[in-house]
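Chemist: The task is simple: from the sequences and hints, build the whole structure.
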Amino acid sequence: MSVTASAGSRPVALEGRRRRRPRLGDLWIALLFLLPNLAGFLVFTAGPVVVSLINSFTDRTLLRQDWQWVGFRNYTDMAADPLFWIFLVNTVYFFIGLPIAMAGSLFLATLLHQKIKGVILFRTLLYLPSFTAGVAIMLLWKQLLNPEFGLINNGLGVLGVPKADWPQWLNSTKNLLALHPERLAFDAAQWGIGARDALMLMGIWTGIGGGNMLLYLAALSNVPEELGEAAALDGASGWATFRHVTWPQLAPTTFFILIMSFIGGFQGGFDQARVMTGGGPVNTTTTLAYHIYVKAFEQFQIGYASAVSWALFAIVFAVTVINWKFGNKEDLVS
Amino acid sequence: MKLRPWQKWLIYTILIIISIGTLLPFFWMVFTSFKPESEVKLLNPIPQNWNPQNYAAVSVEAPFFGRYYLNSVFVAAWVTFLTVFTSAMAGFAFARLRWPGRDALFTLYLATMMIPGVVTMIPNFQIMVNLRLLDSYAGLIVPAAFSAFGTFMIRQFMLTIPRALDEASVIDGASAWKVFIDVIMPLARPGLITLAIFTFLGNYGSFFWPLVMVKSEAMRTLPIGLMAFDSEYNKATHLMMAAAVMSLLPPMLLFLVGQKYLVKGIQLGAVKG
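Chains Y and G, in that order, are what the protein sequence lines are.
1 is the number of the first residue of the first sequence in this note's numbering; add one for each residue after it.
1001 is the number of the first residue of the second sequence in this note's numbering; add one for each residue after it.
Calculated from the structure, these hints are not laboratory results.
What follows is a list of derived Cβ distance ranges for each label pair:
(1) Y:Lys115 with G:Arg1189: 26 to 32 Å
(2) Y:Leu42 with G:Arg1189: 27 to 33 Å
(3) G:Trp1009 with Y:Trp239: 15 to 21 Å
(4) G:Ile1171 with Y:Gly238: 52 to 58 Å
(5) G:Phe1027 with Y:Asp187: 34 to 40 Å
In silico DSBU-like links for lysine-lysine, alpha-carbon gap of 35 Å or less:
(6) G:Lys1264 with G:Lys1008
(7) G:Lys1260 with Y:Lys117
(8) Y:Lys115 with G:Lys1264
(9) G:Lys1260 with G:Lys1008
(10) Y:Lys117 with G:Lys1008
(11) G:Lys1178 with G:Lys1260
(12) G:Lys1178 with G:Lys1264
(13) Y:Lys163 with G:Lys1041
(14) G:Lys1008 with Y:Lys115
(15) G:Lys1264 with Y:Lys325
(16) Y:Lys115 with G:Lys1260
(17) G:Lys1264 with Y:Lys117
Partner residues aside, some chain G positions facing chain Y, computed with beta carbon under 8 Å:
(18) Ser1019
(19) Phe1026
(20) Phe1146
(21) Ala1176
(22) Leu1201
Here a beta-carbon is modelled for each residue, glycine too, at the ideal position from N, C-alpha and C.
Modeler: Written out as structure tokens, the structure is:
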């Protein structure tokens, strides 16, 4: 490769103990290494970010070549559309599952951290859902959630839940917060278990033994053992030791998982909606990501869809900044 | 801390109960895939008559099923190769070379990891339309072959390799390229393998991009094919499950082989550099 010849003629500026000022020539060598990645980065990430922002101020569609500037109209249309706010609420609704999922991951990690035999076997089994996650698993869950023949409701039947009380899962607009499906309002008749909860249950099943548990497991093995032993000698109970010794030590990991979950959660829900629910019933499982897809690739309104995607980015950004501000950032850096 | 026997048994009991909950859907999937159609809606979990012909019937109902398989593996293999290659080179530049603007560019890379995929997806689609790459392998592979996350991960990994090693070869007169190939790449192998497994698994299951790129039946990847199978043969649950089982075999095999790397890689991703 030509890189060899051009880079080989003189000593290179490797990062090292003997620091000297970087020279312009070093930049050329570095650029040769960067080039394949940087080209892709510019064409498929950085460039599109700019184009997307421009699109959001136009009435561009996938159907016509010509387009016009419309200023902030896409953004004002979006803010005036009650559906946008309903979809935002739908997206946020799924965060109800987050504390359960995180507590579950931590609980499993605590169990697997104990000195018992067979830890690797259990870790493998528990990790299975998260690495097989995808369309196949969603189609499987669609069957499991079938109100009449599905494994879940029949499991409830075995446990003695009468058939009249079986949740209708993906067919129902009911939800744990009693949200009205078509308005931003509460409606007592909507209280119960429905499609959103079904997707949340699937999400917990998929994620609980996955990456977050492994992160907690790694963090637990970094907690100095003497700390726990000292607390035990002082007569602290298992729970008190966990609460006052282990939990604070896990704070950086908890903070990291929380931020990543928020970033992922706001962008989430697309695959499930497309594969399992079509966004329904009555839009209840339409998240912002699915809304953007429908606008762009089914209704071809690129300008409007881009505006919604920037609103989504703004939300993700704001939430991350707030987290960063109120979370203990030394935790994360140290 | 030493566990008392009853504590051990309690932990095992909880772990076994949770594992059963984790595995039950998989067992249901496998058993259903062997049921004859008449038994699908019966509650007996284990088939009374085993019907392995379901697996052959999948490709009768969906003649392109084998093609979906090949498409998925072909696309994921190329994306994996290109991603590892481009990430390793860029990771080396960020971790091992000194040049003006390095830290600023790296921050830019990190910042873009926070931008939702849907923001860049529409312009990327427009690019593919303009290049007339819709419904082509190149259109599925090329945009997925550059990863800011991969670059970040490889950089983190390369930072853990002792500096004395490449300094020694520079003193011996080695070029940057030689240091990269002969010193850093062999030592970075665990990191590269981890990234390769991640990338392959991620791309094999990728849904959004193929969904908007693929137009013809022959170009479908497995996730797109499975979804189409579900909407077109909605009633044939047993065949659906056979197709799902077949689609999960490659990632499961890969996982069993590469589990060690995966676990390490996830834990490495969270370490700030």
